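Undergrad: Next come the chains, spelled out residue by residue.
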Amino acid sequence: MEILYKFLDKNALIVAFVTVGGIMYLGELISTYVLRKKIPGSAVAIFLGLVFAYVAGNNSGGEKGLADIKGFSGMSLLGGSMFRDFAIVSTAMGASFLLIKRTGWVGVLSLFLGIFVSFIGGMALAWMFGYHDAKSLATIGAGACTFIVGPVTGAAVQASSDVIALSIAAGVVKSILVTIGTPWLAPFIGLNNPNTAMIYGGMLGTTSGVSAGLAATDPALVPYGALTATFYTGLGCLLCPSVLYLLLEKLL
Amino acid sequence: MVIYGVTFLGACYIIGQLIGDYLAKLLGVQANVGGVGFAMLLLIVFHDFLHKRHFFPAESEKGVLFWSQMYIPVIVAMSATQNAALAINSGVLALLAGIIPVLMCFACIPLISKLSNKNLSADGNSL
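Respectively, the protein sequence lines represent chains D and B. Residue 1 is where the first sequence starts when you use my numbering, and the numbers rise one by one after that. Residue 253 is where the second sequence starts when you use my numbering, and the numbers rise one by one after that.
Hint data in this document are derived by calculation from the structure and do not stem from the laboratory. What you are looking at is a predicted structure, and each value in this text was computed from that prediction instead of being measured. A hint or two may mislead.
[Claimed, not checked] Listed next, the in silico DSS-like pairs over lysine-lysine satisfying Cα-Cα at most 30 Å (straight line):
{"hint": "1", "chain 1": "B", "residue 1": "Lys304", "chain 2": "D", "residue 2": "Lys101"}
{"hint": "2", "chain 1": "B", "residue 1": "Lys277", "chain 2": "D", "residue 2": "Lys101"}
{"hint": "3", "chain 1": "D", "residue 1": "Lys135", "chain 2": "B", "residue 2": "Lys314"}
{"hint": "4", "chain 1": "D", "residue 1": "Lys6", "chain 2": "D", "residue 2": "Lys101"}
{"hint": "5", "chain 1": "D", "residue 1": "Lys101", "chain 2": "D", "residue 2": "Lys10"}
{"hint": "6", "chain 1": "B", "residue 1": "Lys304", "chain 2": "D", "residue 2": "Lys10"}
{"hint": "7", "chain 1": "D", "residue 1": "Lys101", "chain 2": "B", "residue 2": "Lys314"}
{"hint": "8", "chain 1": "D", "residue 1": "Lys135", "chain 2": "D", "residue 2": "Lys6"}
{"hint": "9", "chain 1": "B", "residue 1": "Lys314", "chain 2": "B", "residue 2": "Lys304"}
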């Protein structure tokens, strides 16, 4: 066993390639034989990934899902932000600059609106659950934006650590919900063209959720959604601890 | 050669991410601001520029296309390394704060989409 684990750790990235290939094949099988192609194999594989992450997280008590299981550490490299962002950038190859330029200002509008709506929604829920101080409200509101905006805001306004943990959890729930929910909700919101994909990216903003949600819906839309989503976390980290927090403090 | 395509992609990635980091520093933000977005714009613009001048042979394009086909596997690896246990075990407020604002945002999408369609010519919606 010792030799095996040592080998797997030493070749972590290759092990991850094989593991992901296995998950994708399993997803394809389930899609074909159980779901009769009603849900694409890639969507099933992404969902399977989340299930493995949940089971692994509960068993190991770690934060990185399957990557915390002995021998699978390479998953966090392959699924980390470096490979994710690199692969997202490569999808821009087929994107049309003309379409991007045309949706430009609406994309910007959707970014601001997306942060605003999420912040207010998260904040209102925190209020209902008994948090009435500006610091906690702002942190949980920011957590409803993304799991990065939450802790960054929490650290900036010096919120308590359990509130910060809560904001991270809310952000992770969001990213998972967007991943699973997008293919289901896509027909209802007209998410089938680059224009709407850019608005969607700006409104939801969680890079991991948006990139996975679009991959499961229509991979051709990935570059458009990712393009706006990539500005969301930065803008959220800019607005939440400053303008939105100060506004909240004034109001209370 | 394939490596030229990967190099091109990598160069766009590095320059774009650096722009995102420096822009964040300039704005005083503790996160990257649009790094991936700048990288994508660079890739689209430079690819177009080079392609028109026949400096981007199909062989080099393979280096970029390989990674765009690796996109979904990378996303599967990402979802397998999410902190899903934390999300599900953190209690009702975390769940609701992650769910309700998302539904509110989804509801806004058709509205903005309508707003933008008024300002676009009909073919903006066709691809």
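Undergrad: To test your reading of the hints: which numbers does this structure violate?
TA: Violated: hints 3, 4, 5, 6, 8.
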